[in-house]
Amino acid sequence: MEQTATVTNARQGGVGQYIGRFIANTGPLLVLLVMAAILWILSPPFRSPTSLMLIGLEAAAIGIVSAGQTYVILTGGIDLSVEAMVSFAGVVAAILIAGTNVAGGQIAEGIPAVAAILIALAAGLGVGLLQGLLITGLNMNPLIVTLGFRSILLGVSLVVTNGAGINIQKDDFLAFITATFRIGDWRIPMPLIIALIVYLVSWVVLRHTRFGRYTYAIGGNEVSARLSGISVNRVKIMIYGISGLLAAMGGILVMGRLVSGAYQNGTNMTLASVAAVVIGGTALTGGKGGIWGTLIGVFIIRIVEAGMVYLSVPSNAKEIVLGIIIVIAVALDVLRRGEIPWLRMRRPATT
Amino acid sequence: MQSTTQHPVVLEMHGITKYFPGVVALKNVDFEVRRGEIHALVGENGAGKSTLMKILAGVYQADAGEVLFKGEHVAFHTPKQAQLAGITTIHQELNQIPLLSVMENIFLGSEIMRGPLINWAEMHRQSKALLQRLHLDIDPRVMVGTLGVGQQQMVEVAKALHHRSDLIIMDEPTAALSLREIEDLFTIIRKLKEQNVAVVYISHHLDEAFRLCDRITVLRDGLHIATTETSDLDMDGLIRLMVGRTLDEQFPKDVAPRGRELLRVEGLTQGDRLHDISFSVHAGEVLGIAGLVGAGRTELLRAVFGADPIDKGDVYVEGKKVTIRSPRDAIQHGVVLMPEDRKQQGLVLGLSCRENITLAVLKNLTRGVLIDRNREREVANEYVESIAIKVANLEHLVTNLSGGNQQKVVLSKWMATQPLVLLFDEPTRGIDVGAKVEIYRLINRFVRQGGAVIMVSSELPEVLGMSDRIMVIREGHVTGFVNREEANQEILMEYATGTGRSVLTPVGDQG
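Keeping their order, the protein sequence lines are chains A and B. Just so you know, we're using the working numbering here: the first sequence kicks off at 1 and counts up by one. Just so you know, we're using the working numbering here: the second sequence kicks off at 1 and counts up by one.
Treat the hints as calculated values from the structure; they're not laboratory data. There may be inaccurate statements among the hints.
Here are the simulated distance ranges between beta carbons [what the hints assert, rightly or not]:
1. B:T228 with A:V34: 54 to 62 Å
2. B:V149 with A:V334: 26 to 34 Å
3. A:G126 with B:L397: 35 to 43 Å
4. A:V334 with B:S386: 35 to 43 Å
5. B:S386 with A:V204: 41 to 49 Å
6. B:L223 with A:I320: 53 to 61 Å
Glycine is no exception: its CB is placed at the ideal position from the N, C-alpha and C atoms.
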């Protein structure tokens with residue numbers, strides 16, 4: 001035991017906590033940079049401005065959805081309905097713009113994209129608030145409520161489109177929000193700019209407003225928060241409203257890019273958003289983490305997916321990789337808390 | 001109490017040192033326990049008692065030093081290893097599964113099997129034998145959740161016996177027990193002693209250490225101060241060792257001038273827990289609430305604060321009738337609650353001191369929609385200074401503070417709202433002697449400045465020492481009001497247990 005006086009704090013929780021702390025501190029950003037560097041070296045096509053633009057473009061929608069998921073997870077909840085909301089909002093907007101659905105043919109005049117989008121966003125906000133109302137008012141489990149709404153929203157999208165995509169014509173507004181701007185060799189996609197604005201606003205909201213402080217307080221200890229006079233239910237209802245709104249916003253961007261509203265538009269986005277939040281360092285138990293971590297998490301997922309393309313991994317394997325990422329992400333969440341028992345047991349019982 | 005000087009040593013800890021980020025929690029601490037000895041480990045919060053015991057139990061690892069248990073060098077890395085070696089810790093929070101039976105809990109993880117099936121008959125027989133060794137009349141088949149806290153603790157002790165523990169660490173075992181349960185526990189601990197088991201007894205109740213323990217070890221600021229035979233020490237001497245100075249008085253009560261009525265409660269009724277409770281409290285007054293565990297003391301405070309709904313009853317603040325349906329309403333009317341469990345109900349452990357202190361007043365600290373960080377810091381600083389919270393940095397997480405300082409953070413949160421009435425549930429639970437006195441002085445200051453305090457405490461000396469008037473409740477009914485001058489332990493116990501004669505002051509006529 002002579003040399004033990006020099007051992008660092010890491011011993012407290014054994015190897016597990018050491019790894020956990022390392023990841024939490026230097027963490028996600030380092031992982032992102034290392035992965036990008038590896039891809040940069042291995043795959044020349046990855047280095048082109050176009051491929052980088054594509055990564056940014058594809059990160060935008062899932063990024064906005066994940067931002068909403070961050071709010072929910074910070075309160076200790078989860079929103080499994082986001083992918084269905086992405087599809088639903090896209091379908092709603094597409095039907096309004098086209099004035100048609102595939103099942104019924106032309107049923108009305110189309111309306112301008114701006115109006116259609118505002119209606120779709122309002123629908124997203126409303127459905128989110130309704131979920132929050134059920135979760136808080138009836139004290140229902142968020143997992144089940146949002147899983148239920150996932151089915152409802154997907155089902156509605158499927159029924160009204162009859163399973164086909166609703167194709168639309170871009171008007172000026174829709175063209176604007178899905179455009180890419182050229183700066184020299186580089187092309188900046190508008191959706192990415194929108195996403196960054198969402199993140200900036202979210203950062204201000206979470207870190208510099210009462211609402212944000214209450215979000216952390218509720219995730220940290222809901223009982224104390226309530227006994228401190230915080231209207232816990234109101235904050236939570238708003239949180240699910242925000243998640244619904246941002247998921248709908250993500251849905252609009254997907255729809256705009258594909259020029260089609262279809263019930264598959266949001267496929268896999270729930271899993272990806274939860275993974276992004278957790279990879280980014282937000283605790284699944286709530287109260288700890290932040291919005292910038294989520295953005296890094298989103299890019300990590302995007303880089304992995306892009307890497308699969310550039311390294312010629314069959315696209316059918318995408319789901320496997322996404323699944324592995326989420327499992328790893330949750331393992332990291334546990335590691336960060338230093339709670340993996342066998343990593344602590346490894347050490348000899350006696351000296 | 002016969003001396004245990006002759007007994008062989010079962011545990012030796014030498015030169016134990018433990019660093020936490022930025023702190024030396026233990027510095028070169030020696031600790032020794034003999035077989036069949038009840039050894040008190042005392043010290044203020046933050047003195048290092050729990051850390052030392054957690055090192056012993058494998059929760060933490062020491063950064064330096066050695067541990068000899070039953071003559072062998074050991075260093076446990078998990079509580080399980082320590083338990084297998086014969087060291088069991090019984091925590092304040094019990095580790096039992098309420099929906100399983102007593103015997104299932106005792107044998108959890110070491111079930112007796114017959115082939116692939118559990119041998120219920122044998123487990124029942126052995127549990128019964130274990131409980132009988134402790135002279136406990138508990139049916140091994142009843143669900144643990146249906147037992148009282150005291151009996152659940154006994155089941156833990158039986159479990160420790162089942163694991164053939166040579167050393168049992170009891171960390172604040174009496175914190176949640178009634179007086180009678182405490183007596184039962186002491187009987188059990190003495191039984192363990194007869195069976196040559198060593199017990200390390202950690203408690204803030206120094207009188208318990210004197211009544212129960214053979215030797216006392218005092219820690220202060222992570223240092224070993226003294227280990228002596230209990231008979232060589234008296235209470236004052238022990239307190240001096242613990243705090244490093246003499247305490248003028250345990251309860252520095254100032255009687256403040258009594259002002260106008262601040263809060264009146266009439267006919268408060270809640271299910272079968274609270275029945276037609278009426279009382280009032282005036283500016284400058286501390287109203288103590290005494291009663292046995294389960295009498296409805298905490299429930300009463302929570303009901304007044306709006307934390308739990310009530311069926312009937314009116315609340316008047318400064319003479320005006322108010323509606324309190326949530327803590328938010330109560331806070332707006334100047335009524336705030338210091339809960340008994342500050343970690344679960346008072347603090348958000350993952351937030352900083354600053355964020356906890358300003359949690360209830362954030363709406364006054366915003367400019368537009370944004371929080372004004374500078375003003376927030378000013379407010380937090382103001383209370384850190386005026387309430388003397390010992391924290392190096394406002395941004396430190398409250399989870400790293402000692403119990404006393406955490407309590408002061410919760411108090412700061414409420415003081416920032418400038419309340420009229422402070423409902424104070426167990427003001428000094430789990431707080432060391434020095435910090436207790438500071439909390440009492442803060443109570444004095446609050447009432448002197450025109451506030452009123454309603455204080456619930458399980459410690460009768462505290463109720464007697466700090467209250468201007470005491471309301472006793474039993475099974476949800478008010479059984480009496482006693483003035484400071486007339487109050488003593490016997491009277492309070494009479495009202496609390498229902499052996500009292502008549503109500504001294506008629507209920508409802510005490511304002």
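Now the hints, each set against the structure:
Distance hint check: the CB atoms of T228 of chain B and V34 of chain A are about 59 Å apart, consistent with the given range 54 to 62 Å. Remark: the range hint 26 to 34 Å for V149 of chain B to V334 of chain A is upheld by a beta-carbon distance near 32 Å. Hint check: G126 of chain A to L397 of chain B, Cβ distance near 38 Å, so the stated range 35 to 43 Å holds. Our hint of 35 to 43 Å for V334 of chain A and S386 of chain B holds, since their Cβ atoms are close to 41 Å apart.
Between S386 of chain B and V204 of chain A, the C-beta spacing of about 32 Å breaks the proposed range 41 to 49 Å. Checked against the given bound of 53 to 61 Å, the beta carbons of L223 of chain B and I320 of chain A, roughly 57 Å apart, stay inside it.
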